[in-house]
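Number of protein chains: 2
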Amino acid sequence: MNFQGIYHRPKSNYCYAYDKDTVHIRLRASKGDLENVILVYGDKYIWSQNREIEMKLECSDKYFDYFIAEIKPPYRRLAYYFILEGKSERYYYTEWGFFDEIDKDEVYMHFFEYPFLNKIDIHKVSEWVKDAVFYQIFPERFYNGDKFNDPKGVEKWGEAPKSDNFFGGDLKGIIDKLDYLTDLGINAIYLTPIFESYSNHKYNTKDYMKIDPHFGDLNTMKELVQKCHERGIKVVLDAVFNHIGYYSAQFQDVVKKGKKSPYYDWFYIREWPIETDPPNYYTFAFAPYMPKLNTENPEVKEYLLNVAKYWIEEADIDGWRLDVANEIDHSFWREFRKVVKKTKSDAYIVGEIWHDSLPWLLGDQFDAVMNYPFTRVCIQYFAHRNLNNKEFKELINETQIRNTQQVNEVMLNLLDSHDTSRFLYKAKGDKESLKLASVFQLTYLGAPCIYYGTEIGMNGGDDPDCRRTMEWNEDKWNKDLLNHYKRLIKIRNEHEALRRGNFKWIEGLDDVVGFVRETDKEEIIVLINNSNQDKEIQLKVNGTEYIDLVKDKK
Amino acid sequence: MNFQGIYHRPKSNYCYAYDKDTVHIRLRASKGDLENVILVYGDKYIWSQNREIEMKLECSDKYFDYFIAEIKPPYRRLAYYFILEGKSERYYYTEWGFFDEIDKDEVYMHFFEYPFLNKIDIHKVSEWVKDAVFYQIFPERFYNGDKFNDPKGVEKWGEAPKSDNFFGGDLKGIIDKLDYLTDLGINAIYLTPIFESYSNHKYNTKDYMKIDPHFGDLNTMKELVQKCHERGIKVVLDAVFNHIGYYSAQFQDVVKKGKKSPYYDWFYIREWPIETDPPNYYTFAFAPYMPKLNTENPEVKEYLLNVAKYWIEEADIDGWRLDVANEIDHSFWREFRKVVKKTKSDAYIVGEIWHDSLPWLLGDQFDAVMNYPFTRVCIQYFAHRNLNNKEFKELINETQIRNTQQVNEVMLNLLDSHDTSRFLYKAKGDKESLKLASVFQLTYLGAPCIYYGTEIGMNGGDDPDCRRTMEWNEDKWNKDLLNHYKRLIKIRNEHEALRRGNFKWIEGLDDVVGFVRETDKEEIIVLINNSNQDKEIQLKVNGTEYIDLVKDKK
Numbered sequence: 003m004n005f006q007g008i009y010h011r012p013k014s015n016y017c018y019a020y021d022k023d024t025v026h027i028r029l030r031a032s033k034g035d036l037e038n039v040i041l042v043y044g045d046k047y048i049w050s051q052n053r054e055i056e057m058k059l060e061c062s063d064k065y066f067d068y069f070i071a072e073i074k075p076p077y078r079r080l081a082y083y084f085i086l087e088g089k090s091e092r093y094y095y096t097e098w099g100f101f102d103e104i105d106k107d108e109v110y111m112h113f114f115e116y117p118f119l120n121k122i123d124i125h126k127v128s129e130w131v132k133d134a135v136f137y138q139i140f141p142e143r144f145y146n147g148d149k150f151n152d153p154k155g156v157e158k159w160g161e162a163p164k165s166d167n168f169f170g171g172d173l174k175g176i177i178d179k180l181d182y183l184t185d186l187g188i189n190a191i192y193l194t195p196i197f198e199s200y201s202n203h204k205y206n207t208k209d210y211m212k213i214d215p216h217f218g219d220l221n222t223m224k225e226l227v228q229k230c231h232e233r234g235i236k237v238v239l240d241a242v243f244n245h246i247g248y249y250s251a252q253f254q255d256v257v258k259k260g261k262k263s264p265y266y267d268w269f270y271i272r273e274w275p276i277e278t279d280p281p282n283y284y285t286f287a288f289a290p291y292m293p294k295l296n297t298e299n300p301e302v303k304e305y306l307l308n309v310a311k312y313w314i315e316e317a318d319i320d321g322w323r324l325d326v327a328n329e330i331d332h333s334f335w336r337e338f339r340k341v342v343k344k345t346k347s348d349a350y351i352v353g354e355i356w357h358d359s360l361p362w363l364l365g366d367q368f369d370a371v372m373n374y375p376f377t378r379v380c381i382q383y384f385a386h387r388n389l390n391n392k393e394f395k396e397l398i399n400e401t402q403i404r405n406t407q408q409v410n411e412v413m414l415n416l417l418d419s420h421d422t423s424r425f426l427y428k429a430k431g432d433k434e435s436l437k438l439a440s441v442f443q444l445t446y447l448g449a450p451c452i453y454y455g456t457e458i459g460m461n462g463g464d465d466p467d468c469r470r471t472m473e474w475n476e477d478k479w480n481k482d483l484l485n486h487y488k489r490l491i492k493i494r495n496e497h498e499a500l501r502r503g504n505f506k507w508i509e510g511l512d513d514v515v516g517f518v519r520e521t522d523k524e525e526i527i528v529l530i531n532n533s534n535q536d537k538e539i540q541l542k543v544n545g546t547e548y549i550d551l552v553k554d555k556k
Numbered sequence: 003m004n005f006q007g008i009y010h011r012p013k014s015n016y017c018y019a020y021d022k023d024t025v026h027i028r029l030r031a032s033k034g035d036l037e038n039v040i041l042v043y044g045d046k047y048i049w050s051q052n053r054e055i056e057m058k059l060e061c062s063d064k065y066f067d068y069f070i071a072e073i074k075p076p077y078r079r080l081a082y083y084f085i086l087e088g089k090s091e092r093y094y095y096t097e098w099g100f101f102d103e104i105d106k107d108e109v110y111m112h113f114f115e116y117p118f119l120n121k122i123d124i125h126k127v128s129e130w131v132k133d134a135v136f137y138q139i140f141p142e143r144f145y146n147g148d149k150f151n152d153p154k155g156v157e158k159w160g161e162a163p164k165s166d167n168f169f170g171g172d173l174k175g176i177i178d179k180l181d182y183l184t185d186l187g188i189n190a191i192y193l194t195p196i197f198e199s200y201s202n203h204k205y206n207t208k209d210y211m212k213i214d215p216h217f218g219d220l221n222t223m224k225e226l227v228q229k230c231h232e233r234g235i236k237v238v239l240d241a242v243f244n245h246i247g248y249y250s251a252q253f254q255d256v257v258k259k260g261k262k263s264p265y266y267d268w269f270y271i272r273e274w275p276i277e278t279d280p281p282n283y284y285t286f287a288f289a290p291y292m293p294k295l296n297t298e299n300p301e302v303k304e305y306l307l308n309v310a311k312y313w314i315e316e317a318d319i320d321g322w323r324l325d326v327a328n329e330i331d332h333s334f335w336r337e338f339r340k341v342v343k344k345t346k347s348d349a350y351i352v353g354e355i356w357h358d359s360l361p362w363l364l365g366d367q368f369d370a371v372m373n374y375p376f377t378r379v380c381i382q383y384f385a386h387r388n389l390n391n392k393e394f395k396e397l398i399n400e401t402q403i404r405n406t407q408q409v410n411e412v413m414l415n416l417l418d419s420h421d422t423s424r425f426l427y428k429a430k431g432d433k434e435s436l437k438l439a440s441v442f443q444l445t446y447l448g449a450p451c452i453y454y455g456t457e458i459g460m461n462g463g464d465d466p467d468c469r470r471t472m473e474w475n476e477d478k479w480n481k482d483l484l485n486h487y488k489r490l491i492k493i494r495n496e497h498e499a500l501r502r503g504n505f506k507w508i509e510g511l512d513d514v515v516g517f518v519r520e521t522d523k524e525e526i527i528v529l530i531n532n533s534n535q536d537k538e539i540q541l542k543v544n545g546t547e548y549i550d551l552v553k554d555k556k
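Order-wise, the sequence lines are chains A and B. In the numbering used here, each residue carries its 1-based index in the first sequence increased by 2. In the numbering used here, each residue carries its 1-based index in the second sequence increased by 2.
It cannot be assumed that every hint is accurate.
[As the list claims (entries may be wrong)] Result set (DSSO-like, lysine-lysine): computed pairs, CA atoms no more than 27 Å apart in a straight line:
id	chain 1	residue 1	chain 2	residue 2
1	A	Lys506	A	Lys523
2	A	Lys106	B	Lys64
3	A	Lys33	B	Lys33
4	A	Lys430	B	Lys106
5	A	Lys33	B	Lys89
6	B	Lys340	A	Lys311
7	A	Lys106	B	Lys430
8	A	Lys433	A	Lys74
9	A	Lys343	B	Lys344
10	A	Lys22	A	Lys132
11	A	Lys126	B	Lys340
12	A	Lys154	A	Lys179
13	B	Lys164	A	Lys46
14	A	Lys340	B	Lys343
15	B	Lys121	A	Lys261
No lab work stands behind these hints, which were simulated from the structure alone.
Here chain A stands alone, though its shape is the one from the complex (with noise of 0.2 Å):
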């Protein structure tokens, strides 16, 4: 037995609450080295009335097997260990590590524990988040509703994006394609940022209490969210809290009287006068326009958290998406959860954070997070090409196993955003590797997310160039591929099982990548021929009734 591969912690994706009355238990251990894991649990206080169960094979990944249990203990205490069975070994797995037996005075010692379920703190995360398809809109690019609040100097729709053009694109844009939207069959759409501020990106934000005046008014945005509301589709705004702009208020304030003004303590300055090249004060990413607000400063905090209620109690809005959100404090991040869940119970807090990011997802702070990871492996798989089916679905597994079921449940699933180069670009142009990509995004768990032009073929490499005018002109649109989108996402739409179904590999397929969806009253199932070869796939199928939904046949 490879000891070294063995891994559990509780209160970690290894051991948590899953809802008020189930503990999930995962068991890490090296691939194809045990043959059979027991799960010994309990009641601490009254050991005696332990119970086994044989965990199930969760997933693998390219060098572990994962084993998991659900437990609902019935006084909410559990206590465990596991027995390992490999082919000819047998030990006990406990906190203290391997032995061939447990000396029995000595098992409270040995246990792992996941002490007491309090309701508290189980990870609930959005509901509606699992029955959503996103649509990131990044306003200044999707349609100019009002020209008459248009910058100086805005460029024809169709120009090349540059870092700091401008097109004119804004709400009442957002707010006349509606019909378009709904027509795409999506349900809510994540705005990047709309506050004042002077760039065409808005990320160093002027005022967060003001819509930009290039984008709108307040009323324009409460009519924006009203009209959403009416056709069922969830808004969500962009939290820029880690930095603000350098013409905001507060920081022009520091600029002119330095330790004088109110405002210094707000920010991390090294030194005064500020400079700007390089800055003397810490700033997102070196970048003297976008000063970082100190969000430790409790005047800091509660501006923001006053922020965060504001649009939610305002404008209706539905979540908040986190910007740089892994750069600001957890203490930050714990205060603002409860201001937003008490203002809306239901609202998505879904960060902006690249990597592995459990610690921030385990109940106390998001719901979720942008699934940079899944983005990953679906270049790779179906835009680069360089996996192998065995591949993808291991690295999927490793981003799965990462972290909780409900965080994954909810996770944001992106191909492509306002801060990458698009898929399509990645692909080479391949739109049949798009289509079978947005096919998986779309029949996967979590909440997909499309960005903005992505369904009709739009392509554009890094920032500026992915954030190109959308294409009105519909002759311009690849329209089999709006076609796909539109059926696929309607498929979702009607059936349950694809938004809040399990997932499961099948098994023995090796030309195709295929898996479940399933509910207890209906079984999809999502098969993916990710080469250039048409394959030909025997399964044996349960059930009375089979119906392909891509062709819409029995």
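Chain A is fixed; fit chain B onto it per the hints.
Using the frame of chain A, we list chain B on its own:
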């Protein structure tokens, strides 16, 4: 290379902020598998300026080597990966796994990250604990200083303790014996509960705001703390917040009024009327006289947080030991920490958790826990003698590596307590075992905690036998043991290296266990011979002078 043995995960004991400038990075690998580990690190926004540092071997346990590096990121952001060098192989190890090479365009996705060193998130522990030698007192059994407040029917001092008998020990008794404690050399006491309660242990609180009348009153308590402080002794009380007593006003109101009681939601009542055999409400360990408190209820939370605050403000206590800490919700403890540290910034918060406690020890909850894993290793090695020197060191290392350095520096290291049989009992009365174990306890990293009477050779099996009355007849003291304790405590108090120095095993000693505690100014060598034979050890010692602290000669 045994890839399955490699482990690293940011924002855990494997990567954490040690202080406002320093991040500790640890990497786990299969024992003996790696010859060298290089940490490649930098600021992700100026990655081209990245640096490399060779990681040091911090320690090893049975299966693993642990490597460590200390980094001071100039802009507080830290991105990194590892280069692993085996005998003949070399791999890059990143968040995405093991690679022969890393594509420079993709390096951003590969990083592990400590995204930003936010001061508020750093686990700042109580500084004075590093200099503390604790003495744990079970007040009912320490000394009867006031015969007028004795419970009815007290037994004669020295009779056998039972689960429900009384001996009259009280707070005045502790005050009367402060000379004894000062003479012993300790500088902190931790008292098991002292609030009103009908039991001798007082874990079933009747009133948290009142000193048990058999122990004294508010004035006695104030006097105790004041007199302790005059002698430089800190005082830590027991916070029993998981459950209350059956005869508390709150629970009695529920017993009488059921759902009409304003306290109904203070508890987890399954059915009313209340029944006790078995209890139809949640309790501690199925004990009907200890109904579990619903710490999720804001009223309960407010009440208990006020208790925590009150005794610091009113009696000036220096910290709280948290009973059954792991069965209370994390949310409660997070607020508890805020309230306690706000009231007294260096108050010690030490949880009763017998197991791996990382989820409570990352900065937002406790300073440390009662180090029962340490206890167990000491019992196995010194009392049962069923570990060899190598195994002992490996197991001690394992207890260390579970936590961050700042936590290890303030762990409450105990050999026995009111909840265990006494160390001497486990050692079958062998006082030499106890002497050796206490040498380790009093020279090791963390705060030693001596259970009353252990220093004079008191014996006792499991509860209630471990709660015998303190022996005050000096003729019955083991004076050799007591002098040993006094000498060691004095040495610890006089030498900063034993309190705040680094801890490092001396390699190459087969017959004994040796380690060094070291500051810039001094180096103290501790050698422990846990065999029955004399051993002769040759050591190369640096420096000009060498003092034998135990025999007090140069």
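Handout entry: Pair hint Lys106(A) and Lys64(B), alpha-carbon separation not exceeding 27 Å
Key = The hint holds at about 23 Å.
Practice task
Sort out whether Lys33(B) lies within 27 Å of Lys33(A), counting only the CA atoms.
Solution key: holds, 20 Å
Practice task
For the pair we were handed, Lys164(B) and Lys46(A), check the Cα-Cα distance against 27 Å.
Solution key: Holds - the C-alpha atoms of Lys46(A) and Lys164(B) are around 24 Å apart, at most 27 Å.
Problem - Distance restraint between Lys126(A) and Lys340(B), which requires alpha-carbon spacing of 27 Å or less - result: Holds: Lys126(A) and Lys340(B) sit about 24 Å apart, inside 27 Å.
Exercise for the section: Given the hint that Lys433(A) pairs with Lys74(A), test it: the Cα-Cα distance must not exceed 27 Å. Expected result: violated, 47 Å
Handout entry: Satisfaction of hint between Lys179(A) and Lys154(A), Cα-Cα up to 27 Å
Key = holds, 24 Å
Problem - Satisfaction of hint between Lys132(A) and Lys22(A), Cα-Cα up to 27 Å - result: holds, 19 Å
Handout entry: Pair hint outcome, Lys506(A) versus Lys523(A) [Cα-Cα no greater than 27 Å]
Key = holds, 16 Å
Handout entry: Pair hint outcome, Lys121(B) versus Lys261(A) [Cα-Cα no greater than 27 Å]
Key = holds, 21 Å
Exercise for the section: Starting from Lys340(B), check that the Cα of Lys311(A) is at most 27 Å away, please. Expected result: holds, 23 Å
Handout entry: Pair hint outcome, Lys33(A) versus Lys89(B) [Cα-Cα no greater than 27 Å]
Key = Distance ~24 Å between Lys33(A) and Lys89(B) Cα, so the pair holds.
Practice task
With a cut-off of 27 Å on the C-alpha distance, tell me whether Lys430(A) and Lys106(B) pass.
Solution key: holds, 20 Å
Consistency note: the structure conflicts with earlier hint 8 alone.
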